[in-house]
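Novice: One-letter residues, chain by chain:
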Amino acid sequence: QQQVKQSPQSLIVQKGGIPIINCAYENTAFDYFPWYQQFPGKGPALLIAIRPDVSEKKEGRFTISFNKSAKQFSLHIMDSQPGDSATYFCAARNGSNYQLIWGAGTKLIIKP
Amino acid sequence: DVKVTQSSRYLVKRTGEKVFLECVQDMDHENMFWYRQDPGLGLRLIYFSYDVKMKEKGDIPEGYSVSREKKERFSLILESASTNQTSMYLCASSLIGQGVGELFFGEGSRLTVL
Chain A
367 QQQVKQSPQS LIVQKGGIPI INCAYENTAF DYFPWYQQFP GKGPALLIAI RPDVSEKKEG
427 RFTISFNKSA KQFSLHIMDS QPGDSATYFC AARNGSNYQL IWGAGTKLII KP
Chain B
58 DVKVTQSSRY LVKRTGEKVF LECVQDMDHE NMFWYRQDPG LGLRLIYFSY DVKMKEKGDI
118 PEGYSVSREK KERFSLILES ASTNQTSMYL CASSLIGQGV GELFFGEGSR LTVL
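Chains as they are written, first to last, in the working numbering: chain A, 367 to 478; chain B, 58 to 171.
Okay, chain B solo, but in the shape it has when bound (with noise of 0.2 Å):
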């Protein structure tokens, strides 16, 4: 059964820490996602990374890194956290180019920042 992980499902952290989402999937897919779920405002895009090493910012990057290693695994690093980031966080992946529409996701990180 073809799976995207992610590690924390819930997390509570304080205000100025760092945070560490992080994300495999097992399908050998070149694309992985980053996205932030919030009522009424649907799935925005943190960043993606199309490869090893890549990363390109989507819509909403500010207070946010990526990290991808290897092929298999994306992280989500929030160096400083804010009660603004309180939210569900959903990784994805997904095959590269035409397979950008069929997304795999994970079951989501939901964080709260007090």
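Pulled out of the complex, with its shape left as it was, chain A reads as follows (with noise of 0.2 Å):
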């Protein structure tokens, strides 16, 4: 019940091309799901996060898509760029004891 599945794993994506990346939970104490992006030889840094009484939340190219009912939510990256080519983790929160889960990672590369 504390699990994030991500999915896919990788993904390879034309450029302008517009990647999705998937996450699954089961917990509905979670009350918060971010989207970290880590490039090579970084840590991850926060890139896009929704609460859930919002179905979808835009900054820029990026766009999470959420569906409450279903427990799932969606990273897509609009009009994909060589330089978008990262390892995308999405995570949620728990509520009751404000932890952090994490999904495994899709590493996602943008040809040119």
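Take the hints with a grain of salt, since some may be wrong.
[Unchecked claim] The calculated lysine-lysine pairs, modelled on DSSO-like cross-linking and capped at a C-alpha distance of 27 Å, are:
1. A/K473 / B/K60
2. B/K127 / B/K112
3. A/K477 / A/K424
4. A/K408 / B/K112
5. B/K127 / A/K423
6. B/K114 / A/K371
[Said to hold, decoys possible] Derived list of chain B stretches under chain A, where covered just means 3 residues or more per stretch with a C-beta under 8 Å from a C-beta of chain A:
7. 79-87
8. 129-141
Keep in mind that the hints were calculated from the coordinates and are not lab data.
Here a beta-carbon is modelled for each residue, glycine too, at the ideal position from N, C-alpha and C.
Assembly of the complex is requested from the two constituent chains, each provided in isolation within its own frame, with the hints serving as guidance.
Specialist: This is the structure in structure tokens:
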């Protein structure tokens, strides 16, 4: 129940395409869903986040879609660029104990 | 510019050696974390601390200990390094409570145990 399942493990998309990374959870105590972006040789950094009372959030080319009834959320990258190539992690915060549960990560490659 | 600094980017140690990984944050955050990152396994929490001298076990604490003597500093200790502890170690900090969710990470310490 504490897991966050992330897919796919890796993804290759042509420049300009829309990569989609999916995450699913079971625990209804989760109250905050961030996405982190990690470039090679760097630590992860917060990219965008959503709360469960909102179905979609956009920040620039990055969009989170949230389906509370299905307990799923996804990251879409519009007009993807080679500079978006990175590992992306979804996560979920447990509102009861404020622990952050991580997905396994998706390695994204955007081909020029 | 806010920062989490990990003192060693790359370390090579021998089996049985004692290893210290140091982490310092300049954001006055209450929470500090040590994660281990391995391909295909994501980020796994080793230990975290929500206050000076306080520590809590994460998901994989075996073989590790931590020390937090000052608010800004959180150390990870491998008492007797083993080859299965070869990994990337990430330190992070956050505000307490609802601040967990926005973690600030260091650049990582890549440890190789021979």
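Novice: Closer than 8 Å, Cβ to Cβ, for at least three residues: run that test on the segment 129-141 of chain B against chain A and report holds or violated.
Specialist: violated (count 0)
Novice: For the pair supplied as a hint, A/K408 and B/K112, is the alpha-carbon distance within the 27 Å limit?
Specialist: holds (26 Å)
Novice: Does the structure keep B/K127 and A/K423 at a Cα separation of 27 Å or less?
Specialist: violated (38 Å)
Novice: Taking a Cβ-Cβ distance under 8 Å as contact, does the segment 79-87 of chain B have three or more residues in contact with chain A?
Specialist: With 0 residues closer than 8 Å to chain A, the segment 79-87 of chain B misses the three-residue bar; violated.
Novice: Just to be careful, I want the Cα atoms of A/K477 and A/K424 compared with a cutoff of 27 Å; is the pair within it?
Specialist: holds (23 Å)
Novice: Hinted pair, alpha-carbon criterion (27 Å max): B/K127, B/K112. Please report holds or violated.
Specialist: holds (12 Å)
Novice: Starting from B/K114, check that the Cα of A/K371 is at most 27 Å away, please.
Specialist: With a Cα-Cα distance of about 23 Å, the restraint between B/K114 and A/K371 holds, given a limit of 27 Å.
Novice: Do the alpha carbons of A/K473 and B/K60 lie within 27 Å of each other, as the hint requires?
Specialist: Holds, at about 25 Å.
In summary, the numbered hints that this structure violates are 5, 7 and 8.
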